[in-house]
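Peer 1: Heads up: the sequence lines are chains A, B and C, in that order. Residue numbers for the first sequence follow full-length UniProt numbering, so the first one is 1 and each next one is one higher. Residue numbers for the second sequence follow full-length UniProt numbering, so the first one is 1 and each next one is one higher. Residue numbers for the third sequence follow full-length UniProt numbering, so the first one is 1 and each next one is one higher.
Where hints are given, some of them may not hold.
List time: in silico DSS-like cross-link candidates among lysine-lysine, alpha-carbon distance up to 30 Å [claimed, not checked]: (1) 401(B) / 230(C); (2) 424(B) / 87(A); (3) 175(B) / 304(B); (4) 291(B) / 230(C); (5) 416(B) / 87(A); (6) 349(B) / 40(B); (7) 250(B) / 87(A); (8) 65(B) / 349(B); (9) 87(A) / 395(B); (10) 57(B) / 308(B).
Keep in mind that the hints were calculated from the coordinates and are not lab data.
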Amino acid sequence: MHAVDSRPAPAPAPQATPPKTAKRVRSRSQRDSGVAWLLSLPTLLILIAMLGYPLYRMIVLSFQNMRLRELFSGATPPWAGVDQYTKALTDSVFWGVVGRTAGFTVVSVTLSVLAGLGIALLMRRVTRGVRMFMMIAMMFVWALPQLVAAQAFRWLTDSDFGVLNYVLTQLGLDYSTHSWFVNPWEGWAVITALVVWAGIPFLAISLSAGLTQVPKELLEAATVDGANPWQSLRNITLPILKPLLMIVTTLSVIWNFGLFTQNWALRDGHPEPVYQTLATYSYTQAFGRSIYSYGSAISVITVLLMFGVMVFYIRQMFKIGEVD
Amino acid sequence: MKRKIAVAAALAASLFGAAACGNSGSDEGATSANGTVDGKGKTIKVWLMVDAETSWKSVVEDASKRFTEATGAQVNVEYQQWANHLTKLDATLAGSDVPDVVELGNTEFSKYVFSGGFAELNKGDFENSGTWLSGLSGACESEGKTYCVPYYAGARVMIYRTDLFEKAGITEAPKTYADFLSAADKLQTGNAADKKFSAVYMPGQYWYAAMSWVKSTGGEIAKQDGGKWVGQLSTPQSQEGLQRWVDMVKKYSKADVTKNENEQAGIFSQGSGGIFYGNAWEQGVAEEVRKDPNDPNSALVPTKVKGKLAAAPLPEVPSFLGGSNLGVTAKSANKELAAQWVKYFTDSKSMEGLIKASALPNATALLDKAATDNPKIAPAALSAKNSWFPPNAEKWADVEKGNILQTMLTDILTGKKTVADGAKWADEQIAATLNEA
Amino acid sequence: MARHDDGVITVGRSRTGTFFANATGIVFGLIMIFPVYWVLNTAFKPDREVRSFTPTFWPHDFTLDNFKSALGEELFIPSMVNGLIITAMAVAAALVVGFLAALAIARFSFYGRKAIILVVLAVQLVPFLALLIPLFLMLQSVNLTNSLVGVALVYLVLLLPYTVWTLRGFISGIPRELDEAAMIDGCTRAQVFWRIILPLTGPGLVATSVYGFIQAWNEFIIINTLNDPKNQNLMAWLLYNQTERGTAWGPLMAGAIITSIPVVVFFLLIQRNIATGLTAGAVKG
Numbered sequence: 001m002h003a004v005d006s007r008p009a010p011a012p013a014p015q016a017t018p019p020k021t022a023k024r025v026r027s028r029s030q031r032d033s034g035v036a037w038l039l040s041l042p043t044l045l046i047l048i049a050m051l052g053y054p055l056y057r058m059i060v061l062s063f064q065n066m067r068l069r070e071l072f073s074g075a076t077p078p079w080a081g082v083d084q085y086t087k088a089l090t091d092s093v094f095w096g097v098v099g100r101t102a103g104f105t106v107v108s109v110t111l112s113v114l115a116g117l118g119i120a121l122l123m124r125r126v127t128r129g130v131r132m133f134m135m136i137a138m139m140f141v142w143a144l145p146q147l148v149a150a151q152a153f154r155w156l157t158d159s160d161f162g163v164l165n166y167v168l169t170q171l172g173l174d175y176s177t178h179s180w181f182v183n184p185w186e187g188w189a190v191i192t193a194l195v196v197w198a199g200i201p202f203l204a205i206s207l208s209a210g211l212t213q214v215p216k217e218l219l220e221a222a223t224v225d226g227a228n229p230w231q232s233l234r235n236i237t238l239p240i241l242k243p244l245l246m247i248v249t250t251l252s253v254i255w256n257f258g259l260f261t262q263n264w265a266l267r268d269g270h271p272e273p274v275y276q277t278l279a280t281y282s283y284t285q286a287f288g289r290s291i292y293s294y295g296s297a298i299s300v301i302t303v304l305l306m307f308g309v310m311v312f313y314i315r316q317m318f319k320i321g322e323v324d
Numbered sequence: 001m002k003r004k005i006a007v008a009a010a011l012a013a014s015l016f017g018a019a020a021c022g023n024s025g026s027d028e029g030a031t032s033a034n035g036t037v038d039g040k041g042k043t044i045k046v047w048l049m050v051d052a053e054t055s056w057k058s059v060v061e062d063a064s065k066r067f068t069e070a071t072g073a074q075v076n077v078e079y080q081q082w083a084n085h086l087t088k089l090d091a092t093l094a095g096s097d098v099p100d101v102v103e104l105g106n107t108e109f110s111k112y113v114f115s116g117g118f119a120e121l122n123k124g125d126f127e128n129s130g131t132w133l134s135g136l137s138g139a140c141e142s143e144g145k146t147y148c149v150p151y152y153a154g155a156r157v158m159i160y161r162t163d164l165f166e167k168a169g170i171t172e173a174p175k176t177y178a179d180f181l182s183a184a185d186k187l188q189t190g191n192a193a194d195k196k197f198s199a200v201y202m203p204g205q206y207w208y209a210a211m212s213w214v215k216s217t218g219g220e221i222a223k224q225d226g227g228k229w230v231g232q233l234s235t236p237q238s239q240e241g242l243q244r245w246v247d248m249v250k251k252y253s254k255a256d257v258t259k260n261e262n263e264q265a266g267i268f269s270q271g272s273g274g275i276f277y278g279n280a281w282e283q284g285v286a287e288e289v290r291k292d293p294n295d296p297n298s299a300l301v302p303t304k305v306k307g308k309l310a311a312a313p314l315p316e317v318p319s320f321l322g323g324s325n326l327g328v329t330a331k332s333a334n335k336e337l338a339a340q341w342v343k344y345f346t347d348s349k350s351m352e353g354l355i356k357a358s359a360l361p362n363a364t365a366l367l368d369k370a371a372t373d374n375p376k377i378a379p380a381a382l383s384a385k386n387s388w389f390p391p392n393a394e395k396w397a398d399v400e401k402g403n404i405l406q407t408m409l410t411d412i413l414t415g416k417k418t419v420a421d422g423a424k425w426a427d428e429q430i431a432a433t434l435n436e437a
Numbered sequence: 001m002a003r004h005d006d007g008v009i010t011v012g013r014s015r016t017g018t019f020f021a022n023a024t025g026i027v028f029g030l031i032m033i034f035p036v037y038w039v040l041n042t043a044f045k046p047d048r049e050v051r052s053f054t055p056t057f058w059p060h061d062f063t064l065d066n067f068k069s070a071l072g073e074e075l076f077i078p079s080m081v082n083g084l085i086i087t088a089m090a091v092a093a094a095l096v097v098g099f100l101a102a103l104a105i106a107r108f109s110f111y112g113r114k115a116i117i118l119v120v121l122a123v124q125l126v127p128f129l130a131l132l133i134p135l136f137l138m139l140q141s142v143n144l145t146n147s148l149v150g151v152a153l154v155y156l157v158l159l160l161p162y163t164v165w166t167l168r169g170f171i172s173g174i175p176r177e178l179d180e181a182a183m184i185d186g187c188t189r190a191q192v193f194w195r196i197i198l199p200l201t202g203p204g205l206v207a208t209s210v211y212g213f214i215q216a217w218n219e220f221i222i223i224n225t226l227n228d229p230k231n232q233n234l235m236a237w238l239l240y241n242q243t244e245r246g247t248a249w250g251p252l253m254a255g256a257i258i259t260s261i262p263v264v265v266f267f268l269l270i271q272r273n274i275a276t277g278l279t280a281g282a283v284k285g
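All chains, full assembly: derive it from the sequences and hints.
Peer 2: Have a look at this one:
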């Protein structure tokens, strides 16, 4: 297993860009530009047709009132102005969903990144065999499809036949037929556990690859100079790891903010109000209740809420030179 | 290649906003199911739910045969899964290649009737239409017009462990609600050693059951008042019923308060329950499992409770009447043929077949016959006579989708809300949902 | 004393420290793997052991019945075939289309290049579910709901930005001097492409298509919304495989294993390249 070796992993590090031959044949550049656009054209067309246009439709839809009747008849839905937005923004249920989604994102990302970092550091401390074992375990978890993982957790926490209740009961606690989703805090703990569990491999493995970028001479020198491990971590390792840490954190935020599969599957396809996130809420409004316009308005708001994070991510990518 | 071009062209068409063909065909008057239609060379597409395939496929085949003999048209039946079938239906009805006949649950129909999804039918053309079970046909009717035909019903009964009853010294099925409670008491004390034992196994989100209790004290879920829907769960009668249910569940049930009734028979078959409340057919599900759960033809394996179960109507508690209706889609190109097929599939002969397969027929006139012909469904047939159904509101399905009643029940059972607070909250939600523009 | 063990620093580290680190590592690994183990354990148990109030920690009566049951379920094999067809269509199209764009971004400097990069990066981040409503309406207006082609089209868009982005990385990893030397030797641009860039990007193409496969194979919300049960993939099957007794966990877990096998195998095969794709976004279980 390659990732077990600690040779610098190829990627999170900036791509080795060969020195640019700045004065390439200028006369070609005009034609080059044409060729380049031609090559990009199919991609751009597909993105416009299947992403740009739906995005536009979604925005239009959010200003209309599209229901089942319009869906069946094909008639143009009546214009509704900002009604859908007013409805969302004045609805305490909607704000509850926003708050819940944001709260979950903060907690789950913090936990996953800390755990990932901890495991990455731990992996540099353990002996080779143990490291191999940790890698294998994480690889399997990483490879497991999201839905399968969610079904597995649903089964583990089943109130009647789940092994979790059985084990806790054996430990002397009264957990027989305990339902994990009665108390929303417990339910969200299960969902968060699932998300963190599934997120650790990505974080730990990429951060551990990033740790190979930390010059060991520097750490050794620090130790010789009497720095304790905490000081080395804070003053040497973390600053070097920072750009990568930023990227993986941002990605985790984007992923976890869009939480759908886990709460959807754990609540058996009909999450109760306390288990709704923006993604499931919009989906339920549109496809469950056939209020397509309201669902669209919620989606638009979701994208807007994410916008800041996305801009940050892209700027970060440019900054660390992933984009030359 | 051709196909690819066609796809590209089609996509381009959608890009330029080519308005979908706007022929909804709703104002054509009622479709007749009588008279002769020459259907030679035509095929109608029928969507039935999977129950028909697993339990009474022969009835479907027989009706289709008679239909084909009469009209010359062929039938193509596709069986649908309950999970997510409405999303599929929405997608399909939005297009042009639609099924001609569609089965939906009785509580699901109103929304589609209102949205113009189904064609008007001529009620008189269908056998037994005078005594259709109102719990089924209610959803079919709108402003004096009929848009679907009742298909079959299911009523809920109490299913109980005869061996445990005997052990507890109970000799016959409870005749009154008080009897029922005292039986539960005896079961509870007699099986106190089993920590998982539920004298009455009742999952917390089993709202059909909870609402039956509400009905038992004269309560209501919602009613229409001057064109507006008003939630009725806060009325004293409704609260009394809710309280009665909550007290009973808290005292006798160890079931998960966040689960619904889907898996109750399977859990009950583990042997740690005395009574559960379910569809008549759930007795069989609790007593025997398919060796291969994915193969409806595989051998049946007895469970721990095999031969130890019996069913009876739950005394003084009206049953929720579940079931299905059949409609002819508004976009169908063969409405008359479709209506004819529905006529054959819901006539007395087909209903006899359903009775044999332990489903309840679609009309009160046939219920007594059902009870005598098939003792297995006698308790359910009795139950069906004292039954109720959810408010016939166009947006009722949204109340179910919104988990409103389920959430209220869980909140009350966990003590998060009192019965009064929970009912008040649910009333607000129900009114908001049903009256939404 | 400093000792180098695969570049790991061990300066001033005590034996007890290592012991505790190892113990923590092992406990962590066990916790991570347990849910995966439990899936396997459940899949090989007979129903009476699965549905038991006293779970068994390994199958006492080892059985393959659950696998037989899942495979025998009416829609299982069709779902598998559908998934393969859709995935193949989407991945092949994404590879061809994406490669061209990647080539443009990696090898040409032209006006608008930055803008294209920006678009490619940005669209990866758009929550795709948000677009499901208009996509559904668009596809149904051209009768492409409930069709494999419609879903493949959506998946193509899902995979494309990522494909472009990763391939760009692989192509710019090939030294430009190679191109230039070849061109000095009289090769045309096209020949450079066929003889140098394409062969050298081979491993990248493989890795990218495998990522694409995993992405498309694991998707279930879109396909489940657009298509009816006969035209779904295995993930959607997993979500909605219910019997009259509710969830049959044994066969479901067996189905989950069968569904996961290609993903896990592919994933492990290309994990060498995973680091490459890490920060590019789209590769999360």
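Peer 1: If a hint holds in the structure, say so; if it doesn't, say that too.
Peer 2: Right, here's what the structure says about each hint:
no.	hint	in the structure
1	401(B) / 230(C)	holds (24 Å)
2	424(B) / 87(A)	holds (22 Å)
3	175(B) / 304(B)	holds (27 Å)
4	291(B) / 230(C)	holds (24 Å)
5	416(B) / 87(A)	holds (28 Å)
6	349(B) / 40(B)	holds (24 Å)
7	250(B) / 87(A)	violated (38 Å)
8	65(B) / 349(B)	holds (13 Å)
9	87(A) / 395(B)	holds (18 Å)
10	57(B) / 308(B)	holds (29 Å)
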